[in-house]
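**Q** Chain order of the listed sequences is R and Y. Using this note's numbering, read the first sequence as starting at 1 and increasing by one per residue. Using this note's numbering, read the second sequence as starting at 1 and increasing by one per residue.
Misleading hints may appear alongside valid ones.
What the hints assert, rightly or not - In silico BS3-like links for lysine-lysine, alpha-carbon gap of 27 Å or less: (1) R:K5 - Y:K187; (2) R:K110 - R:K81; (3) Y:K276 - Y:K320; (4) Y:K58 - Y:K26; (5) R:K116 - Y:K187; (6) Y:K58 - Y:K29; (7) Y:K13 - Y:K81; (8) Y:K215 - Y:K276; (9) Y:K187 - R:K155; (10) Y:K191 - R:K116; (11) R:K155 - Y:K189; (12) R:K48 - R:K31; (13) Y:K295 - Y:K276; (14) Y:K115 - R:K86; (15) Y:K187 - R:K3; (16) Y:K152 - Y:K81; (17) Y:K152 - Y:K191; (18) Y:K58 - R:K110; (19) Y:K81 - Y:K26; (20) Y:K81 - R:K5; (21) R:K218 - Y:K152; (22) Y:K13 - R:K31; (23) R:K81 - Y:K13; (24) Y:K115 - R:K155; (25) R:K110 - R:K36; (26) Y:K115 - R:K218; (27) R:K116 - Y:K152; (28) Y:K317 - R:K3; (29) Y:K191 - R:K155; (30) Y:K189 - R:K5; (31) Y:K152 - R:K155; (32) R:K110 - Y:K191; (33) Y:K306 - Y:K295; (34) Y:K320 - R:K5; (35) R:K3 - Y:K276; (36) Y:K276 - Y:K306.
Honestly, the hints are just simulated from the structure, not real lab data.
Read off the chains here:
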Amino acid sequence: MYKLKAPAIHASEIAGLINQELVGNDIIVTKPCTLKTLSGNSFICLLKEDQYDIERLAQIPELLVISNLDFDASVRFSYIKSPSPKLDFIKTVNEFFIIWEEITIASSAKIHPNAKIGRNVSIGENVFIGPDVTIGDNTHILNNAVITNQVMIGKDCIIKHNSTIGSEGFDFEIDKLGIPIHYPHIGKIIIGNNVWIGSNTSVESGKINDTIIHNDVKIDDLVQIGYNCEIGERTMITAGVIVSRDVRIGTDCLLAPNATIRNNVTIGDSVTIGQGAVILKDAEAHAVYIGNPGKLLKKNS
Amino acid sequence: MAGINKSGVFREKISPFLQQKLAELKEIKGENSEEYRALMLQYVRQEVEDQEENESNKRHWEADLVVEDNQVPGAERLYNKTAVLEPTMVCAAHCRYCLRANYEIFTLDEEELIKIARFCGSGDVGQTVNEVLVTGGDPLVLPNRLNFLIEKLIEYAPNIRIMRIASRLPLHNPLRIDNNVYEIFRKHKDKVRIELATQINHPVDLFQETIEVFKNFRDMGIPIYSQNVLLKGVNDNIDTLTSLYLALRDIGIEAHYLFHCVPMRGMHHFRTTVAKGLRLAKELTNGGLISGRAKPMYALMTDIGKITLYDGTILEKDEKRNMILVQSAYTYESRIKNNPGWKLPGTAEIDKNGYLRMWYLDGTDE
Numbered sequence: 001m002y003k004l005k006a007p008a009i010h011a012s013e014i015a016g017l018i019n020q021e022l023v024g025n026d027i028i029v030t031k032p033c034t035l036k037t038l039s040g041n042s043f044i045c046l047l048k049e050d051q052y053d054i055e056r057l058a059q060i061p062e063l064l065v066i067s068n069l070d071f072d073a074s075v076r077f078s079y080i081k082s083p084s085p086k087l088d089f090i091k092t093v094n095e096f097f098i099i100w101e102e103i104t105i106a107s108s109a110k111i112h113p114n115a116k117i118g119r120n121v122s123i124g125e126n127v128f129i130g131p132d133v134t135i136g137d138n139t140h141i142l143n144n145a146v147i148t149n150q151v152m153i154g155k156d157c158i159i160k161h162n163s164t165i166g167s168e169g170f171d172f173e174i175d176k177l178g179i180p181i182h183y184p185h186i187g188k189i190i191i192g193n194n195v196w197i198g199s200n201t202s203v204e205s206g207k208i209n210d211t212i213i214h215n216d217v218k219i220d221d222l223v224q225i226g227y228n229c230e231i232g233e234r235t236m237i238t239a240g241v242i243v244s245r246d247v248r249i250g251t252d253c254l255l256a257p258n259a260t261i262r263n264n265v266t267i268g269d270s271v272t273i274g275q276g277a278v279i280l281k282d283a284e285a286h287a288v289y290i291g292n293p294g295k296l297l298k299k300n301s
Numbered sequence: 001m002a003g004i005n006k007s008g009v010f011r012e013k014i015s016p017f018l019q020q021k022l023a024e025l026k027e028i029k030g031e032n033s034e035e036y037r038a039l040m041l042q043y044v045r046q047e048v049e050d051q052e053e054n055e056s057n058k059r060h061w062e063a064d065l066v067v068e069d070n071q072v073p074g075a076e077r078l079y080n081k082t083a084v085l086e087p088t089m090v091c092a093a094h095c096r097y098c099l100r101a102n103y104e105i106f107t108l109d110e111e112e113l114i115k116i117a118r119f120c121g122s123g124d125v126g127q128t129v130n131e132v133l134v135t136g137g138d139p140l141v142l143p144n145r146l147n148f149l150i151e152k153l154i155e156y157a158p159n160i161r162i163m164r165i166a167s168r169l170p171l172h173n174p175l176r177i178d179n180n181v182y183e184i185f186r187k188h189k190d191k192v193r194i195e196l197a198t199q200i201n202h203p204v205d206l207f208q209e210t211i212e213v214f215k216n217f218r219d220m221g222i223p224i225y226s227q228n229v230l231l232k233g234v235n236d237n238i239d240t241l242t243s244l245y246l247a248l249r250d251i252g253i254e255a256h257y258l259f260h261c262v263p264m265r266g267m268h269h270f271r272t273t274v275a276k277g278l279r280l281a282k283e284l285t286n287g288g289l290i291s292g293r294a295k296p297m298y299a300l301m302t303d304i305g306k307i308t309l310y311d312g313t314i315l316e317k318d319e320k321r322n323m324i325l326v327q328s329a330y331t332y333e334s335r336i337k338n339n340p341g342w343k344l345p346g347t348a349e350i351d352k353n354g355y356l357r358m359w360y361l362d363g364t365d366e
């Protein structure tokens, strides 16, 4: 999605962007770096918890440090003190060092003429978009994504490679002869603004009710979101998580890798689910759950 | 279009591109050459900037708007149809005669930009303003912020049909005008009219890399115009001005204002008399030297707004104070209507017909 570029910019431009004061010389920087890749004319994010050698930093010519640490004024590098150095580092990289992909619709993409596509939507190779799909402005659909059935995607979203939005739900009733009969899924998928759907992630259509993913939700690669789920704003779901059908997840939650949420479970706001946890019962808000079966580890104030 | 740091210093800041061009000009043309001096004087800090002179203003005017009950920096309005927005005060280089040299450097966050966009689409502004000048700072230095602001203006202020993006980045560092920047213009230009405003003061500013950038914008169908400043030692002679406006015409850049250098702190050494500027403007525009399509409007950037000099604009001169009284057609009522927080500057007065006039500090020709 991104390509790195190497402009030569003044450190004061970074200070101006993040509204903080530059201490030291207004050096020229051309690239971001880490403690492992320290080099001249670069800038680094340094956190209190990082193991660093200040003498080593001082040996790097033309180094800019963005940090929440207090440095002695005599240090030999330039620095910007920031209460949120990681965030400011990301802002800096995004603003100065990234080239956006051009907004294009690939010729191999198949977009139904009845689909409603917003302004400045980018659509990658081999993407399929069905007739009942609406996509908001500035959303990027990456290669091979499939968006079908009734789907509404908001503005400024990223739908990554190979993801499927509008997968038919896995729901069968056994008839008299013991044959599984599929329950047709005729509900919608409603995805808000600024949502991230990872590669190879699948989101199932609602059965009769809708599957809803609210604004600013971020879903990693290889995640399953079952039908009729509702995921609250700003919740983050990391790789390998399985969210079964009819699950309600509150706002501001974090689901660590490979967690599994049983069907019909409700998870409150601001809940953290640990790695590999298997949540079988409702989880109360502002708490941390771990283990299999999932248990309350602690409540957050 | 940049500002002071928190220590109150308007630092010398010369982009790597300009540093290289200065070094090349010095070597090839010599440090006393017109070309080198024209570029050097625009960017290299001079000791004379620190001298106490009559030019003591730190701001060229006060026109900040109150947005949603907050004094949000970055939104100004003086005129009926146009608002000025400043998403960032960051620039790639510091022009030594910058209007906003003494403004604090800041960048608006996304929440503030949304507030401003909503403001532009609501109330009296939403009813009357149809154009914004996006300046700063240099909005092209932070393309993400500029793009976000344009998106939000389109969303919240459909009354804004024209957006002027003011930038000297094509001169300061044309190598930074990449696809991210072009894409902003490309993807929005069918929704609103987007124009590129720039400032080119001497033909030496037009390096090949810079010309290429302007051609790229022009080929995209983006109108480009230049509002220039009369600067002593840089372009205050008819030959330079003629070459400059011929070059702009050749590239396809429209001439807008030719400003007399604004009376602000640190700029005394750049300021000719208004009369000299008038003589040059007359020679430039009435002497058959340049195309009629290349003629600039000679104007003053006064405490009450821009005043183009026509017959009768200058009412009198106070030789003792070196000030001239200039007549505008602005009225106090319209100012208050456009910006309820606006205050009549101490240099201004209201004439018997209700129009504003003001005492403007002249420059010198020594």
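**Q** Honestly, which of those hints from before does the structure not fit?
**A** Result: hints 2, 4, 6, 7, 8, 18, 19, 20, 25, 28, 34 and 35 break, sorted rising.
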